[in-house]
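Residue-level listing of the chains:
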Amino acid sequence: MASTAIPRLTSPLPIRGATHKIHVTINDVPFDFMVEDRTLLVHFLRDALGMTGTHIGCDTTHCGACTVLLDDVPVKSCTVLAVQADGRKVRTVEGLESGGKLHPVQEGFTTEHGLHCGYCTPGMMMTSVALLAKNPNPTEEEIRRAISGNLCRCTGYVNIVKAIQHAAKASGGGK
Amino acid sequence: MTEVIPPEFEYHAPGSVDEAIGLLQNSGEAKVLAGGQSLLPLMKLRLAAPKTLVDITRIPKLSYVNETTDCLCLGATTKINDLNDSALIRNRYPLLADAAQHIADPLVRNMGTVGGNVCHGDPGNDLPACMLAYGASYVVRGPKGNRTIPAQGFYQDTFVTSLDPSEILVEVQVPKAQPGDGGAYLKMERKVSDFAIAAVAVQLRTDSRGTVNQAGIALTNVGPTVLLASQAAGQLTTKKPTNADILAAGKLAAEAAQPNSDLRGPAEFKRGVVQTLTQRAVKLALWRAGGMS
Chain A
1 MASTAIPRLT SPLPIRGATH KIHVTINDVP FDFMVEDRTL LVHFLRDALG
51 MTGTHIGCDT THCGACTVLL DDVPVKSCTV LAVQADGRKV RTVEGLESGG
101 KLHPVQEGFT TEHGLHCGYC TPGMMMTSVA LLAKNPNPTE EEIRRAISGN
151 LCRCTGYVNI VKAIQHAAKA SGGGK
Chain B
1001 MTEVIPPEFE YHAPGSVDEA IGLLQNSGEA KVLAGGQSLL PLMKLRLAAP
1051 KTLVDITRIP KLSYVNETTD CLCLGATTKI NDLNDSALIR NRYPLLADAA
1101 QHIADPLVRN MGTVGGNVCH GDPGNDLPAC MLAYGASYVV RGPKGNRTIP
1151 AQGFYQDTFV TSLDPSEILV EVQVPKAQPG DGGAYLKMER KVSDFAIAAV
1201 AVQLRTDSRG TVNQAGIALT NVGPTVLLAS QAAGQLTTKK PTNADILAAG
1251 KLAAEAAQPN SDLRGPAEFK RGVVQTLTQR AVKLALWRAG GMS
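Protein chains in written order, with my numbering: chain A, 1 to 175; chain B, 1001 to 1293.
Same shape as in the complex, but just chain A:
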């Protein structure tokens, strides 16, 4: 997927306004792209790169389905401009699995049934990855606080908390 050329953003809307060239490292792969200034990071990922693992839920900064890691920090990519990611690292759900092996957080969500419909899951997992990187041994309360910006309308969060605890144990932490 890496490209040395600078393709135009294949946006559902034609580019009308000002553009910027950005250099972004996504899941360890560097990209150079020309984007319209108003392009949101989530649309850049989904429409320009075809990386549809990152979901758009509410589009109003509430639900967290679009959560990605920007320089290892979880943010809502529907409320970040693609140009704001210039020169930075982005990690998406596609970057969790490596060499055919699921990330411990993905294992946790699978084993503990941390999802029903799956819509919130990519964002929920990215927030979980960031939490465990900062706090490998979170209490249940710390987990619930950390995921309070990610809405799930199916599970009641019980199995999501279990999934994150599972991942913490698998990674060597876990209370």
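If you're looking for bench data, these hints aren't it; they were derived computationally from the structure.
Be aware that one or more of the hints could be misleading.
Claimed, not checked - Below, a list of computed lysine-lysine pairs in the BS3-like style, where the Cα atoms sit at most 27 Å apart:
1. Lys1061/B to Lys89/A
2. Lys1191/B to Lys1176/B
3. Lys134/A to Lys1031/B
4. Lys21/A to Lys1251/B
5. Lys162/A to Lys1283/B
6. Lys1191/B to Lys134/A
7. Lys1251/B to Lys1283/B
8. Lys21/A to Lys1283/B
Just so it is clear, the structure is predicted and the values come from calculations on it, not from any experiment.
Following the hints, position chain B against chain A.
The following block gives chain B in isolation, referenced to the frame of chain A:
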């Protein structure tokens, strides 16, 4: 699927405050982009349509939490979660620590900034009430240099502040914490990430006998701007407040509130929330004032 995209604008990421000021002066309808967590949603809904965005987050040395001999200094682009990660804030500025934990949600706090929160002018922003209660000041820079604006008087109307369009807030200065200081921020919200139904900031300065020498009380989201409840604060000063004083302060704060009935509840309910939160916040602030060495 219809996608929600901001209207067209030109993005600039200047490397210095002076360069940013030049961009604000020379572009019509320019807005400063700090964290963007309020501005970008407004643009997506077409409630704002600036022609130019000046991203100040790439300006070096504008993000810091420092205590000097006379103040706690917060750089404009300090992230809200930087406050939550700061032991200095947790240990010495409990009012700020309370508020920073309850702004929006953890993901928004990773992008949202101190400068953006205090300059946006939404009565639902949480930091302005803290700054009024502390008696904080804002250092702003414009084409003619720096000036310092007290937080009190900064908020003129909803989304209207005394910041000129070509000025940028560079630093928030909070009076340095002293032994005997105590503060608290209590917020009632329908759910995580919503604005407050009502919230109350209380900051007290007491002496060794427990006499309150200075008090600041301010109210979030119960008026066109953040509101200072001076009479409620006056009820607590020059004495060791009794339970009757605390009850009276709560009533005076409720009278100072100017809530509207809306989806967060009827006006009278919100006044009741202000009254109760004020009483609880004063008690918590007094308890904390006694505990600081």
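Right, here's what the structure says about each hint:
1. With a CA separation close to 21 Å, the supplied pair Lys1061/B and Lys89/A stays within the 27 Å bound.
2. A threshold of 27 Å between alpha carbons decides the hint, and for Lys1191/B with Lys1176/B the separation of about 33 Å lies outside it, so the pair is violated.
3. Between the alpha carbons of Lys134/A and Lys1031/B the distance comes to roughly 34 Å, so the proposed pair goes past 27 Å and is violated.
4. The hinted pair formed by Lys21/A and Lys1251/B fails the criterion: a straight-line CA distance of about 57 Å is larger than 27 Å.
5. Distance check on the hinted pair: Lys162/A and Lys1283/B sit about 37 Å apart at the alpha-carbon level, beyond 27 Å; violated.
6. For the given pair, Lys1191/B sits about 25 Å from Lys134/A by alpha-carbon distance, which is consistent with the 27 Å threshold.
7. Only pairs whose Cα atoms come within 27 Å are accepted, and Lys1251/B paired with Lys1283/B is accepted, the gap being roughly 15 Å.
8. For the suggested pair Lys21/A and Lys1283/B, the alpha carbons sit about 55 Å apart, so the restraint of at most 27 Å is broken.
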